[in-house]
Amino acid sequence: MKTRTIQRHSRATRLERQTVSLIIPARNEGAVLHRLLNSVSRLKDSATLRLAEVIVVDASSTDDTAELAREAGCRVVHAPAGNVSISRNTGARAARGDILAFVDADCELPANWLTDVCGLVAEREVAAAGGVMAVPPCDAPWVERIWFDVGNRVAPEKAESPNTRASWLPSFNLAVKAFDFNRVGGFDESLKTCEDVDLSLRLAECGELRCLNVAPVRHHGESKTVAEFFRRESWRAGGTLQLLCEHRGNVREWISFLVSPSAIVVSTLAFTTGVIMLFQSLMDGQSFLPFAAAMLFVMAPYLVLSLLRRIPVQRLPSSCVLLWIYSIARCWGMVYNSSRVARRPLAVSD
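In the numbering used here, the protein residues as written are 19 to 368.
These aren't lab readings, by the way, just hints derived from the structure by calculation. Errors might be hidden in some of the hints.
Using C-beta positions, here's what the derived DEER-type ranges look like [stated by the list, open to error]:
| no. | residue 1 | residue 2 | range |
| --- | --- | --- | --- |
| 1 | R249 | H96 | 38 to 44 angstroms |
| 2 | R88 | P335 | 44 to 50 angstroms |
| 3 | Q332 | S59 | 23 to 29 angstroms |
| 4 | E143 | K210 | 28 to 34 angstroms |
| 5 | G100 | R142 | 31 to 37 angstroms |
| 6 | H96 | A158 | 31 to 37 angstroms |
| 7 | D82 | W160 | 21 to 27 angstroms |
| 8 | A129 | P335 | 36 to 42 angstroms |
| 9 | A152 | W253 | 21 to 27 angstroms |
| 10 | T80 | W350 | 30 to 36 angstroms |
| 11 | D82 | C156 | 30 to 36 angstroms |
| 12 | N56 | T243 | 25 to 31 angstroms |
| 13 | E246 | H96 | 27 to 33 angstroms |
In this text, a Cβ means the ideal position worked out from N, Cα and C, and glycines have one as well.
Construct the complete structure from the given sequences, taking the supplied hints into account.
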């Protein structure tokens, strides 16, 4: 009881200072870092919240990343080349702020991000918060625009309120209490991806996770082409499988993972089956029943999307194509990485 009282007092004392350390993991980001730093220079302070430092974690870059950061007045710390979790944890250990704000180098922050996102984290019951992803520009590649649209429909609660409770927060922009971050042990450096979901699951034990619709962040690092999208989703599938094994005792997360992807996979299989049946029916030209069944199967993804994700009718064709590619990439990534994950020792669930 005494220990718990001391911890609560320590947490309250730290929050009264309300200083923010902005941490930017970077490896060879010289071509894009200036956009983020320009947006950081426009961040607004408040009477009770201020940006104390900007830390650029240089992960053994071979370009001018570190030099550009120093010229902009940032504090540069060095981390070994590795995954982004190593860089973020390195920055967190060097940070002095009460709130740790992690932002990827290929982002641009709105002027209200500090006051709204970090200001929300300063509230006692909130452990972490982040801004939603900004709408891609009209000239963005169709892959980026459609996947943004599908992603918003996957989590419709994010668009219904300026400040909603979330089950997990992406790490491309993430503000968290330093006290809580250190308490849960930071990012898991053994995960090659999905490290933000893993951290969110642990932070949820400390307080609420909040997503802000009023502080949209432009993320320039989204997939632009089908090939890039396929490679990235295949890579993420391995991390997702590893994450599920690490948190195998969390039944709620298993269910939330399985429900939506299962609908996607089922609709993908239905679509593929329908195309085959349709082709055979057209070649045969004698039976109407296989043709009708084929059309029903082809329409399955449209029905799934319209019911589960409320995709506008005019965007259904391109959304289905991208989800078809997503399903194949995820299935391939799961199969390819399953043997590697199986050889890893599993974490013991509490």
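So, going through the hints one by one against the coordinates:
1. R249 <-> H96: 38 to 44 angstroms: 29 angstroms, violated
2. R88 <-> P335: 44 to 50 angstroms: 49 angstroms, holds
3. Q332 <-> S59: 23 to 29 angstroms: 40 angstroms, violated
4. E143 <-> K210: 28 to 34 angstroms: For E143 and K210 the Cβ distance comes to about 32 angstroms; the hint holds.
5. G100 <-> R142: 31 to 37 angstroms: 35 angstroms, holds
6. H96 <-> A158: 31 to 37 angstroms: Hint holds: Cβ distance 34 angstroms, inside 31 to 37 angstroms.
7. D82 <-> W160: 21 to 27 angstroms: 33 angstroms, violated
8. A129 <-> P335: 36 to 42 angstroms: Holds - the Cβ-Cβ distance for A129 and P335, about 38 angstroms, lies within 36 to 42 angstroms.
9. A152 <-> W253: 21 to 27 angstroms: 24 angstroms, holds
10. T80 <-> W350: 30 to 36 angstroms: 31 angstroms, holds
11. D82 <-> C156: 30 to 36 angstroms: 32 angstroms, holds
12. N56 <-> T243: 25 to 31 angstroms: Holds - the Cβ-Cβ distance for N56 and T243, about 27 angstroms, lies within 25 to 31 angstroms.
13. E246 <-> H96: 27 to 33 angstroms: 29 angstroms, holds
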